[in-house]
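These protein sequence lines map, in sequence, to chains A and B. Count the first sequence with our numbering and you get residues 1 to 680, in order. Count the second sequence with our numbering and you get residues 1 to 680, in order.
Hints were generated in silico from the structure; no laboratory data involved. Just so you know, these numbers come straight off a predicted model, no measurement behind them. Treat the hints with care, since some could be wrong.
What the hints assert, rightly or not - According to the in silico footprint, chain B covers these stretches of chain A (three or more CB under 8 Å from chain B):
id, segment
1, 21–33
2, 227–234
3, 311–317
4, 322–330
The C-beta atom is built at its ideal place from N, Cα and C for all residues, glycine as well.
2 protein chains.
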Amino acid sequence: MSDSDPLVIFTPSGKRGRFPVGTPVLTAARQLGVDLDSVCGGRGICSKCQVSPSFGEFPKHGVTVTGDSLSPFNAVEKRYDEKRGLKPGRRLGCQAQIMGDVVIDVPPESQVHKQVVRKAATARAITLDPATHLYLVEVEEPDMHEPSGDFERLSAALEAQWGIAGLTAPLPLLARLQPALRKGDWRVTLAVHTPRAGAAPELLEIWPGFYEGGIYGLAIDLGSTTIAAHLCNLATGEVLASSGIMNPQIRFGEDLMSRVSYAMMNPGGAAEMTAAVRAALNDLAQGIAEEAGVAPDAIVETTFVCNPVMHHLLLGIDPVELGQAPFALATSGALNLPAAALGLSAINPAAHAYILPCIAGHVGADAAAVALSEEPHKSDDLVLIVDVGTNAELLLGNRARVLACSSPTGPAFEGAQISAGQRAAPGAIERVEIDPATKAPRFRVIGCELWSDEDGFDAATAATGITGICGSGIIEAVAEMRMAGLLDASGLIGSAEQTGSARCFPEGRTHSYLLHDASAEGGPRIAVTQGDIRAIQLAKSALYAGARLLMDEMGVDTVDRVVLAGAFGAHISPKHAMVLGMIPDAPLDKVTSAGNAAGTGARIALCNRAARAEIEQVVRRITKVETAVEPRFQEHFVAANAIPHATAPFPELAKTTPLPQVNFNTGGGGEGGRRRRRRG
Amino acid sequence: MSDSDPLVIFTPSGKRGRFPVGTPVLTAARQLGVDLDSVCGGRGICSKCQVSPSFGEFPKHGVTVTGDSLSPFNAVEKRYDEKRGLKPGRRLGCQAQIMGDVVIDVPPESQVHKQVVRKAATARAITLDPATHLYLVEVEEPDMHEPSGDFERLSAALEAQWGIAGLTAPLPLLARLQPALRKGDWRVTLAVHTPRAGAAPELLEIWPGFYEGGIYGLAIDLGSTTIAAHLCNLATGEVLASSGIMNPQIRFGEDLMSRVSYAMMNPGGAAEMTAAVRAALNDLAQGIAEEAGVAPDAIVETTFVCNPVMHHLLLGIDPVELGQAPFALATSGALNLPAAALGLSAINPAAHAYILPCIAGHVGADAAAVALSEEPHKSDDLVLIVDVGTNAELLLGNRARVLACSSPTGPAFEGAQISAGQRAAPGAIERVEIDPATKAPRFRVIGCELWSDEDGFDAATAATGITGICGSGIIEAVAEMRMAGLLDASGLIGSAEQTGSARCFPEGRTHSYLLHDASAEGGPRIAVTQGDIRAIQLAKSALYAGARLLMDEMGVDTVDRVVLAGAFGAHISPKHAMVLGMIPDAPLDKVTSAGNAAGTGARIALCNRAARAEIEQVVRRITKVETAVEPRFQEHFVAANAIPHATAPFPELAKTTPLPQVNFNTGGGGEGGRRRRRRG
């Protein structure tokens with residue numbers, strides 16, 4: 001480069017340099033370290049290196065760009081434009097040559113490390129940098145006078161053309177190498193897997209010639225009850241399909257401990273559960289590929305997040321040690337494995353699997369994934385992250401320190417162990433309001449936007465019916481019952497006489513509250529029973545006690561904000577959760593939902609290698625608090641049994657008419673030792 | 001260490017240093033980098049660290065060693081001595097503490113990198129440094145307040161106690177980890193595989209407590225016809241058993257090219273041959289383990305040497321490209337694989353396989369193994385190494401340069417395509433002499449030390465009979481016929497009239513020479529036919545032409561020495577080989593046999609990791625000469641057809657009565673263009 005060479009300025013990076021006339025834009029970008037994609041290595045095939053030159057005066061840069069600053073549209077670009085279409089103003093970076101001073105914009109889709117926008121508004125974007133990339137290489141033909149293996153020449157070509165040295169290949173790919181090279185006339189597209197910067201790159205797939213298809217990854221959230229997967233395009237980060245199926249291990253036990261028991265009581269039981277979940281994963285992979293119209297062989301990466309018991313059963317490790325103190329994991333570190341080692345036969349046979357690290361015997365890779373997604377370790381304020389499920393995982397922390405624990409909430413929050421409970425599905429009551437004056441309820445069901453007292457509700461729900469009450473519905477119902485004076489602080493449902501509502505009817509020695517009665521039409525009678533209240537009290541006490549334990553450990557009495565994670569977390573009403581005492585009090589605008597943060601964490605690890613290193617590092621710094629043997633957990637648990645707030649805890653939540661405190665049974669319950677902390 | 005601390009001198013290394021009183025000898029040895037073995041890490045369990053203190057005056061070292069220089073025999077040593085017996089004067093290095101100046105000898109069996117003596121007198125010893133070692137570690141118990149996986153604590157223990165960081169483990173071992181740790185009460189013996197210095201160590205096997213058994217390796221020479229294996233103790237280098245079986249691929253074709261043809265003509269044919277050889281390898285491994293009384297699971301390492309076609313078929317790669325120019329290998333580099341990837345299910349499931357690099361499409365890992373064993377690249381004089389088989393591999397070189405080629409000799413040297421030919425087995429004629437005066441033969445058969453004209457021969461061979469003639473026998477027969485004037489320089493057998501021997505009898509339009517006739521007793525009639533002579537001429541011409549081609553390339557007319565390698569090479573008479581013109585002339589004492597050098601190379605690679613790196617390096621520097629397309633090879637081949645030496649080529653080989661040159665057919669043959677070079 002000399003001072004008389006044209007000046008090239010790339011946007012948005014601002015990188016600039018002088019290059020001799022005739023230098024292709026892609027070459028200049030590479031030399032300057034500009035993030036400009038290319039799969040074919042500048043051969044005018046892949047079109048990944050599209051750029052947008054800017055013309056006119058750029059006083060900021062001190063240059064004037066004329067139409068002659070780049071070489072004219074050439075034959076390769078014309079052919080590409082005719083066949084595929086180039087957006088107006090676009091050029092192929094490998095074809096357009098620098099003729100004069102020029103300002104060149106690299107549009108987002110041409111960046112290698114493009115940002116993937118996440119749906120949740122508060123969430124950071126994911127920088128795309130998956131472990132597997134595609135490269136087109138031209139391999140020298142064999143020469144018997146300079147003998148070398150086809151693989152060795154392929155490896156040399158990858159190094160010479162892409163700077164990637166030391167390729168390795170598993171046997172099945174070596175076996176497919178020779179036909180592919182000859183079919184592609186010594187030009188092949190490689191999928192190369194490099195688990196982390198500096199690791200040995202491994203050949204994962206080979207296609208003759210230029211491979212026009214994409215490569216894909218599956219981010220899998222393997223829960224005790226459901227297995228959810230996102231299918232992502234590894235070149236764009238786009239989620240093509242999301243799908244979930246039931247975990248077939250449910251037949252061996254609804255919750256984790258009953259599955260551990262099954263493994264302990266039945267020889268071969270763990271292997272049986274491993275086989276079941278692996279078969280389901282294959283079904284899920286096949287189904288999601290079909291749904292998205294992607295060849296299963298094009299799925300080359302998978303990431304897994306799961307709790308420790310699911311983790312061990314996925315890996316084929318007997319989870320027996322996780323069922324008893326000291327809850328020792330066989331391995332806690334992240335794992336990078338051939339997906340085939342996990343029995344994943346439905347996807348590319350050379351695909352890789354990355355399993356996020358576990359935090360402890362009760363706090364698994366799912367909690368690590370939540371941390372990766374919600375980043376408590378980067379938070380300036382003190383954040384409590386609650387991932388509600390059959391087992392709840394809690395993270396509390398900020399930049400200085402992050403604590404974690406798990407809490408055995410049981411399945412009540414998922415609608416199980418509730419008399420009219422059901423999973424969140426069309427027909428399930430998900431929102432509830434009770435008029436404090438009339439004690440009459442109104443509700444909404446999944447699949448219908450109308451409230452039950454609005455016109456057209458009956459018609460709109462005729463197809464699904466009103467079948468039961470799901471987790472978010474029961475939480476709202478209990479909180480509303482408390483605020484409507486139907487429930488005292490100890491959780492006792494009052495009689496019709498005590499409450500003044502005929503909806504409170506006796507059942508055995510206690511009372512129930514009738515939410516919906518379709519029995520006249522042969523439908524169900526949906527009531528909240530005293531047993532339902534007790535189940536919710538147990539679950540919310542466990543959750544709250546976990547949070548309190550972390551707050552004790554942190555030496556704080558309040559948190560700055562609360563994040564509700566998990567598919568269920570997304571549907572919980574923060575107000576009702578606080579009325580119920582599920583979570584510590586916090587200003588309502590500081591309680592947010594992160595959706596399926598564990599699944600998002602799996603997707604981040606799928607799309608970004610550096611995130612893997614990051615979470616491995618973060619997990620080592622998280623302090624685990626063990627609830628199972630901590631006496632204060634029991635204290636907090638007992639103390640948290642009450643439902644303290646007869647009104648919404650913050651003014652902005654308050655109903656128009658504050659209600660009197662009621663106490664139906666002066667002999668017990670009450671607010672116990674629970675400390676009240678109000679703010680705002 | 002201070003100057004007043006006792007001085008410790010280790011022999012034979014001469015390493016020395018001062019250590020505080022009370023330092024265990026093993027600790028001192030480690031700090032000085034003395035090569036002193038230990039599996040248990042100084043816990044007084046393994047007894048590998050035995051040392052012999054020396055007493056008295058050591059003027060050379062300037063010390064006087066008294067009986068008080070080491071701590072007294074302690075309880076651990078007494079118990080070990082009672083249970084297992086310590087040789088007189090021996091101490092356990094981990095128990096004996098330094099009390100005063102002392103000279104300590106490390107006996108060979110206590111050295112980690114002990115020398116393994118090889119049988120062949122000329123061969124260098126092998127320095128023991130296998131890729132897999134045993135380590136006893138004590139692992140911290142899990143603590144739920146400091147949660148970490150059992151594997152992570154195991155890995156930390158290995159680093160703290162042995163300095164080995166970054167352990168990885170395959171899934172099946174992770175699954176077995178927890179029971180082993182608990183059964184061994186947090187003390188386990190690990191087999192750790194580290195393919196080369198600096199590579200990530202991998203957990204290969206785990207035993208609860210201290211594992212007293214050994215670990216073993218298989219060095220496998222996978223030939224077209226036979227598969228041979230040595231079972232070695234990886235801690236001592238000792239060969240416990242050697243065994244061979246037929247390669248079952250023979251049913252798909254006797255020679256390499258017919259197997260390649262089979263793969264080309266039959267869909268799935270290559271896979272069929274792969275399955276056949278893998279099944280045979282499992283049988284072989286099982287058999288040899290049984291023979292040696294070793295548990296198959298204790299076999300943790302394997303090395304393979306083989307020609308390129310066998311190489312590809314072992315790996316499951318279709319060898320079709322090896323059957324046509326330019327003979328491109330799918331991969332030429334060394335391979336380090338899980339043995340399970342080669343279908344080796346009979347040995348430890350986590351065992352490793354190392355396959356030596358190939359030199360070229362016709363010169364395989366077997367030739368590389370010969371180079372590793374015979375080290376032409378370290379030779380001061382110019383050595384020609386000939387590995388005779390169905391395909392012969394030739395190496396020619398010295399420190400400056402090494403050349404290699406292969407030559408298609410065909411199976412005649414192995415007794416195939418010979419009228420009375422057979423494999424080398426009891427009953428086969430292996431040595432032949434023909435009296436130049438009487439033209440009568442005498443011979444020896446395999447399994448009997450007597451010559452056929454000696455007393456007791458008939459009785460000694462009654463059990464086996466005289467069944468045919470093997471490769472070395474036919475070579476000697478043809479050479480002797482030539483020296484006895486039964487054969488002219490063109491290879492034509494004379495008639496009874498021409499030779500004056502009634503043993504020459506007409507068969508069709510040519511003559512045969514009767515070697516042995518047992519037809520009267522219903523036995524075979526063993527003769528050398530004209531066809532046999534032609535077959536041997538073709539084979540020896542190919543071999544000789546290959547050697548000449550290498551000599552041309554090297555620009556030499558003679559070689560300093562010749563090494564005959566291969567099981568067959570060990571049985572060839574150098575004199576007869578030179579009379580026949582199989583090999584270039586060289587002084588007789590410069591023609592040596594290396595036995596199964598390829599198998600030895602496999603054994604070296606098994607016992608010594610550095611040798612793997614060495615041969616990978618050497619192979620890259622070997623210049624391949626391709627015979628198949630080299631016009632001079634054809635010229636040399638045609639020119640080498642004659643059998644030039646009517647007498648032994650060197651005085652020391654000459655028979656008492658030199659014989660006249662004969663030429664039965666003046667119309668053809670003769671000595672052609674063959675250049676004669678005599679020395680001595």
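Non-conforming hints, listed in increasing numerical order: 1, 2
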